[in-house]
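**Q** Given the structure of chain W, go ahead and fit chains P and L onto it with the hints provided.
Protein chains in written order, with UniProt numbering: chain W, 1 to 505; chain P, 1 to 98; chain L, 1 to 527.
Do not rely on the hints blindly, as some may be mistaken.
To be verified - Which chain L residues face chain W? A few, computed with CB under 10 Å, are given here:
| no. | residue |
| --- | --- |
| 1 | Met91 |
| 2 | Ser217 |
| 3 | Thr248 |
| 4 | Ser328 |
| 5 | Gly350 |
| 6 | Ala380 |
To be verified - Rough simulated footprint, nothing fancy, chain W against chain L, three-plus residues with beta-carbon under 8 Å:
| no. | region |
| --- | --- |
| 7 | 99-111 |
| 8 | 339-349 |
| 9 | 352-358 |
| 10 | 381-390 |
Derived from the structure by calculation, the hints contain no laboratory data.
All C-beta atoms in this analysis are idealised placements derived from N, C-alpha and C, irrespective of residue type, glycine included.
Read off the chains here:
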Amino acid sequence: MTSIVEAAPYTVEEVVERFDPVMGLEVHVELNTATKMFCGCRNEFGAEPNTNVCPVCLGLPGSLPRVNARAVESAVLIGLALNCSVRERSGFARKNYFYPDMPKNFQISQYEDPIVFDGYLDVPLDDGTTWRVDIERAHMEEDTGKSLHMGGATGRIHGADYSLLDYNRAGVPLIEIVTRPIEGAGVRAPEVARAYVSALRDVIKGLGVSDVRMDQGSMRCDANVSLKPKGTAEFGTRTETKNVNSLRSVERAVRYEMGRHAGVLLSGGTITQETRHFDEQSGTTSAGRPKETFADYRFFPEPDLVPIEPSDDWVEQLRAGLPERPWERRARIQTDWGLSDEELRDLVNADALDLVADTVDAGAPPESARSWWVAYLAQEANTSGVALTELAITPEQVARVITLVSEGTLTNKLARQVVDGVLAGEGSPDDVVAGRGLAVVSDDSALTAAVDEALAAQPDVVQKIRDGKTKAAGAIVGAVMKATRGQADAARVQSLVLERVAAGS
Amino acid sequence: MSDITREDVAHLARLARLAVTDDELDVFSGQLDAILDTVGRVSEIDDDVPPTSHVAPITNVLRADEHIPSLDREAALAGAPAAEEGRFRVPRILGEEL
Amino acid sequence: MSSPDAELTRLDAAEIARRVQAREVSSVDVTRAHLARIDAVDGAEGGGLGAFLHVAAEQALATAAEIDAEIAAGTVRGPLAGVPVAIKDNMATRDMPTTCASRILEGWRPPYDATAVRRLREAGLVPLGKTNLDEFAMGGSNENSAYGIVRNPWDPSRVPGGSSGGSAAATAAGETPLAIGSDTGGSIRQPGAFTGTVGCKPTYGTVSRYGLVAFSSSLDQIGPFGRTVLDAAMLHEVIGGHDPCDQTSIDAPLPPVVEAALAGARGDLTGVRVGVVTELSGEGYQTGVLSAFTDAVRVLTDLGAEVVEVSCPSFTSAMPAYYIIAPSEASSNLARFDAMRYGLRVGDDGSHSTDEVMSLTREAGFGPEVKRRIMIGTHALSAGSYDALYGKALKARTLVVRDFAAAFEQCDVLVSPTVPTTAFPIGDRVDDPVAMYLADLCTIPANLAGTAGLSVPCGRAPEDGMPVGLQVMTPALADDRAYRVAAAYETARDSAAGAPFASTIPDPADLDGRAPLRSVSTLQGAS
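Isolated chain W, as found in the complex (with noise of 0.2 Å):
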């Protein structure tokens, strides 16, 4: 195949006083079941090659597909959470193509009756307004092996001798969202593809039903684009980009199809319907190997499986426990904890949002929690180079540590000591208080007795805190608080001063 790059001669602005772009985004997102769509399986990233596999994802003669519950209880909560409307009766279909990471040679997918149907997605952009983006449908079906290229130069498809296949993916739960056509964004059609699928990977991650990482492949972007001439209302011949792989090359993708398209369109040209892949490193997109024929994936109901049926109850119990959607949580966060849109930027920025939320629900106070994630958290996980989110502590922890603090048990310097000791797994915050003797030495009584001692030792200053001089006070402090190695609160020692020197006289 030949790799020509073709310039992407226009630019967006340019495009759009021509065109109105359409896009049509397919967004497959990896269910994080325990195990596959159809076999038990272990739906699990990484495992040695073809460990995960049965009679069922190999496609074995004989072999009948099971339906995962948890998979349709996935795919109907993300429908509700796409604002869909749940199907009396839905089915599978087969459609059928040969392909050799594909054991049966038909993927099991949804047709005509897909679980969840006509919804919409209000996609917050990044001027504060928001974009509502129609959703046609989400419907389930299962996933393909994994194929590795042998020989050749590249390692890649072309050229290579023979390969080899890992069926540990296959049949893994797979949700397909379709979007109609996306109209009217004009120069905003990049940032609104980017923004939908971002708005879309925050909505499923707050399920909790799928990893959506797009690194790893468990969320998977197709962007179709195509230009309508202004004042036409004829869509124009549309191209299938396939797995864009992150947020940024989803916009990318978009941005560099429309300068094409506008560029092949105004030099006379005709758009070839063709499926094109994006390079990650040029950030332009080139032809797949065309088909010798159209597709035609004789769709027919799967008769190994029956129809599902979800009851109004069980959907409605289902919709009364979806969270809050992301962005409205983080509106409602913003007001609740008072914080400024800088303030807001910076603990989303830092990763830290749920860190903190989840601390705050532990009982903290929400300025203490903040202040401990994005000041010395954040600068701790930077100093040994892992994200916050990885750090050795919980949430429930820090919010331990912040009582200990509130309940005087803990300086603030001694409270950084006890968070290190956790870091260092010595245990929970009160494991490090005990093991390492942090607890600010709180008894009175013994307490009273090292400022006698001081007092004792430095008549001179006993007479100068007689003479009114309080800030005199200070040195025995200071003595009293090495005495103690740190471990008594200041601000108790300096009125037991006080106190010892008043009854003294």
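**A** Showing chains P and L alone in chain W's frame:
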């Protein structure tokens, strides 16, 4: 009446991954034509009749999301025409499925 | 057939089970007798019946010994413990090859057992081996097997029917007292009729399809063969019942077929309303078939049944609908045979791509009938013909379901000849697929509707001396009615004849010189 040509048979054979011979194109086009003439009688059925794809009166048959032991890799690969590095070895793949 | 061993192969399964469990004879002796019988009559090279594709003699004897030991220790796994059984070679067996009589699966050993097979083992039956069939169960004569034809024990120049021709012939010829087959459009009942055995297609969803290599998933059903109605019923109860591995399996108790067979054998059908289907007789039906059928209906009347004429007009669309639906599903089900993960691989010499190797392998590995059906199905599902063919066939299916429902408001069971003709000569229809398809005319409606159907021998056609089958059809989940009616008929039939029908099956081992067998063996490659 159906009218299945050699070209139609060649197209179907390509879709179905059958490397049919020239002789077969002749034989099959005649036979498929005769079969389709017979089975084509269903086209007379009223369009208002709803379709039946499943006869068993059952719905909502689901499996709990619980692990069932997989095959040993050796057993999984035992029937393979060729295997390498714990994987099924297949001839070169010409292009990605589009 | 004079040795005491040979006598064991004449016994019905219920009697074998009784003797084995009473320790009058060992399961090992019974198994050895049947293996000897297979040896004597089956070898295809010597012009034998060719019913078996694989005989697992050592495993069978070991299993039989195990069962004997259990019985000696006081444990009986089930009513058929110790009885030999044969398994159609389109069901997955862990310890025997599973070929579907296709080159594409030559030598394939599944890593698992089909549910029906597992249940045979758990019930203590002794699997003798795997039986021949039309490749992937596509055919009605067993001439489509890649591993040779099967001959009819009644006349070795004739077909045994199909696709479960091996299971039917083996049961008829005393190579096994019992066998399981699969029925997609008549593949148990039609060979049952052709070989003078009892065969039942249970209600769809009552016998698990897990491990049955799918031909047409919405139509396929595993069922029993026996030489008596009771034997078939006993086997039916072993293999039937809900299975979570098949999500089309119905979670309901299996109809009480053994009880019904025992009740029927008492010979009283008073109060049973029997419907004779108008559309399943008349023109195109062999004279001797119609006369045997009419006689059988008269017997039912004599037994007290109330016989009425019932019209099922849509049954005339059943055959065309079937030959769209079954190939459509088959085109998809058989796509997995692609040379990648198991089975035959052709052309992998470094010069061909996966796509080419798939096409070369499927071309070399499938026989002509399979290719025809794959192409018909591919055509019927294609965007351009889906509505006119597949879509319409599903509508025809609705009409068949409705006709059954209306008919069963007027009567308890429906009856018809099982097949319009008796077994035809080998080679007669191989070049005319449409003529071949007519053999399924009477059996297809029950597959389309998912209802039950049973074929019981009802005499022989005077013109060729070949057996004729009486088909008894019931509503879904009322399979027991078919067993009751068939058992009552069987009792009356045998008492009128003065001997069990099975005892009249000619013994292929007694045929002189085998000359006629060899002369037709050259036809093996004809299909």
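**Q** Against each hint, give a clear statement of whether it holds in the structure.
**A** To see whether the hints hold, each was checked on the structure:
At its closest, the beta carbon of Met91(L) sits 7 Å from a beta carbon of chain W; the interface hint therefore holds under the 10 Å criterion. Given the 10 Å rule on beta carbons, the hint for Ser217(L) holds: about 4 Å separates it from the nearest Cβ of chain W. At its closest, the beta carbon of Thr248(L) sits 6 Å from a beta carbon of chain W; the interface hint therefore holds under the 10 Å criterion. Given the 10 Å rule on beta carbons, the hint for Ser328(L) holds: about 6 Å separates it from the nearest Cβ of chain W.
Interface restraint check: Gly350(L) against chain W, minimum CB-CB distance 7 Å, threshold 10 Å, status holds. Interface restraint check for Ala380(L): the shortest CB-CB distance to chain W comes to about 9 Å, inside 10 Å, so the restraint holds. Counting residues of the region 99-111 of chain L whose beta carbon lies closer than 8 Å to any beta carbon of chain W gives 5, which meets the minimum of three for the stated coverage. For the region 339-349 of chain L, the stated coverage by chain W holds: 3 residues have a C-beta nearer than 8 Å to a C-beta of that chain, and at least 3 were required.
Check on the region 352-358 of chain L: 3 of its residues sit with their Cβ under 8 Å from a Cβ of chain W, so the three-residue criterion for coverage holds. Coverage of the region 381-390 of chain L by chain W holds in this model, with 5 residues showing a Cβ closer than 8 Å to a Cβ of that chain against a need of three.
In this structure, every one of the numbered hints holds.
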